[in-house]
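Participant: So you can see what is in the structure, the chains are spelled out below.
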Amino acid sequence: MLPFPHRHLLALQGLEPPYIADLLDLAESYALLNRSGKTQRDLLKGQTLINLFFEDSTRTRTSFELAGKRLGADVINMSVSTSSVNKGETLLDTASTLNAMHCDLLVVRHSQSGAPALLSQKVDAAVINAGDGTHEHPTQALLDALTIRRHKGRLENLTVAICGDVLHSRVARSNIHLLTTMNCRVRMVGPPALIPAEVERLGVQVFHDMKAGLAEADVVMMLRLQKERMVGGLVPSAREYFRFYGLDAAKLAHARPDAIVMHPGPMNRGIEIDSAIADDPARSVIGEQVEMGVAVRMAVLDILSRNMRRNARL
Amino acid sequence: MRDTIFVNARLVDPASGLDAPGSLLVSQGVIADHGGTLGIPDDAEVVDCGGAVLAPGLIDLRAALGEPGAEYRETIESAAEAAAAGGITTLCALPDTQPALDDPALLQFVLRRGEATGSLSILPYGAATKGCAGKEISEFGLLREAGAVAFSDGGKAIADARTMRLALSYARAFGSFIVQHPEEPSLARGGVATEGELATRLGLPGIPPAAEAMMVARDIALARITRGHVHFAHVSTAAALDLIRAAKAEGLAVTCDTAPPYFDLNETAIGDFRTYAKLSPPLRREEDRLAVVAALADGTIDAIASDHQPADPDDKRLPFAQASAGGAGLATLLGITLARVHGGDLSLTAALALLTCRPAELLGLESGRLTRGTPADLVLFDLERAWKVEAGKLPGKAQNSPFDGRALEGRVRGTWKNGRRVFG
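Line by line, the protein sequences give chains F and U. Sequential numbering from 15 applies to the first sequence in our numbering. Sequential numbering from 246 applies to the second sequence in our numbering.
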């Protein structure tokens, strides 16, 4: 395995194929380990992992917590509501506090694009971006890729349709970077107001008609439409959105018969996805995504802490 | 006060087209004489320029000062220190301070604080609308009498078309003009970077470049109706410059300026969320930067302003969208402009004209020229001397330069205000 080229995991943009493949291979082995019921509690023994969440997220935080614990780290959750961030403390004050606590691995979720990058300039810990604004969510894209690979046996030359609110989606951006790097054909499907400007330059195709966008797709990845987007007037109504961009059996019929359906959660049933699809074990791999999430996060923690040990030796 | 004679100078006076070796004599704070060979009077202090350029002190058409209201960012005194180091002897201060300069007494406060520096004439803009709130126009007549150089709402666009129409027509009565921040606010709302591939990659809300052209087009139409004079500040896009070029050809009273970031940097400067390059308007794509350079060369742009916008590290060391916009620009105004001279886009006289006589003409000032009998506001600079912009080591309090690390050729050696040396 190649030494990972970064101290932090802030983004997937620019990460080259062999490093992505290594991360996925390692995650795959953790997925098998997790299914076998075994643990590896000595790997991060004595290391402190802090989950610093400035934005609510039960799923991602729990996933990192479990990953850290399975590798033997001391895991601490810092939530915004009880921390001093609400009392006017700046992000960089938080960084010096964390340095004083000798944190080794710092998992950051923040509502602002670039916040983990800013923190990474000031903290001693290895920073893992657990979602920043509308920028990136690297571990989500890795777990999506692992899930796809397990079902399709490969990533190369697959057609992946990412559907819905791409504009506000960090999940979509990380997936675009990873999947185009791994030679997938990536499509964006959604109403023009929810497709970011010049996204084609990231190497994807854009569709505003969902049936055309799903045609012959191997993977259909749905994105969450946040309620406030509708209040913001980008979409006139939930019923209109569901009619044209919600995933139901009729639209899914345009994809390949063996196409899998994914969603990063939490789902808005009846808005971007019909319950019948979300709950169809023959198509939906949403549960497996959650399972792969823990494995991927174990792999990321493992690789970054290996890096830290290697750098400490040098 | 002793007379001063500058010898071995390269005298450059863009207003008259003079660019020749010679001497310049300052007596009683005014330019007494200049020419190829001047006798050295007894008792005169002799400044040997060693072939360096001696030119009129720079006139900065647009700078925000922290005072009143944001003294932690910058005081008038610290701005004057930075201005002197940058060769600036006259500076037009924006009115969107706290409180806004919408009252004659406030305006006079700023004027007096400028006089107290002894090194810098500060010419405040009056607020175009009360409180710079964009609703009711302010007392243009009384503010003009108190010394308002023109009217503006600073970094905020006068969004309401009816208010802008009234401001443009009312300003005519007092021989003045309106300086507009050309950005359609409803289109730009929430945006922090130029819309496009880079903003998409960074996950930052974008401002379409058309927000600038749209406001420029509207205000040109209003200038046509009112026969008023509109001046567009920090113009940064090709589309807006095309509209301004056409309006000038039509004979409308339309002028504009730009600022060094818009012809020296493009949007890639914000890569990796570099908040020091977060500006308003945002940095643009390379095509737009090239269009600004072309408009400087063809005369469409009337002046280069520093667009100085002081910020404290606490305002900038934040996630990109939350950081305040704007860059410190006083100390680098000349150096960045000279980079276009070294790059072959502008002649030295054309570049200096944009910093001296052309803004002077716009404002109706007698300074900005090497004319006998006018106040001796002068800058002496080495055209070739290399230096590097280092945020943290710039003169003055505000260190938020978007040009940190930029290597430049051309550095100020000395600045004189009313014949008195204020820098170097």
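Careful, some of the hints might be misleading.
What the hints assert, rightly or not - According to the in silico footprint, chain F covers these stretches of chain U (three or more CB under 8 Å from chain F):
1. 446-453
2. 562-575
3. 584-595
What the hints assert, rightly or not - Covered stretches of chain F, going by a simulated chain U footprint (3 or more residues, C-beta under 8 Å):
4. 147-153
5. 206-214
6. 261-274
7. 291-304
It is worth saying that the hints were derived from the structure and are not from the lab. Backbone N, C-alpha and C fix where the C-beta goes; we use that ideal spot for every residue, glycine too.
Participant: Now, for every hint given, state plainly whether the structure supports it.
Facilitator: Results for each hint:
Coverage of the segment 446-453 of chain U by chain F holds in this model, with 7 residues showing a Cβ closer than 8 Å to a Cβ of that chain against a need of three. Counting residues of the segment 562-575 of chain U whose CB lies closer than 8 Å to any CB of chain F gives 6, so the stated coverage by that chain holds, three being the minimum. Here the segment 584-595 of chain U counts 0 residues with a CB under 8 Å from a CB of chain F, which misses the bar of 3, and the coverage is violated. Counting residues of the segment 147-153 of chain F whose C-beta lies closer than 8 Å to any C-beta of chain U gives 4; at least three are required, and the coverage claim holds.
By the rule of at least three residues with a Cβ nearer than 8 Å to a Cβ of chain U, the coverage given for the segment 206-214 of chain F holds, with 4 such residues. Coverage of the segment 261-274 of chain F by chain U is violated [criterion: at least 3 residues with CB-CB distance below 8 Å; count 0]. Counting residues of the segment 291-304 of chain F whose CB falls under 8 Å from any CB of chain U gives 0; the rule of at least 3 is not met.
Of the hints listed earlier, those the structure fails to meet are numbers 3, 6 and 7, in rising order.
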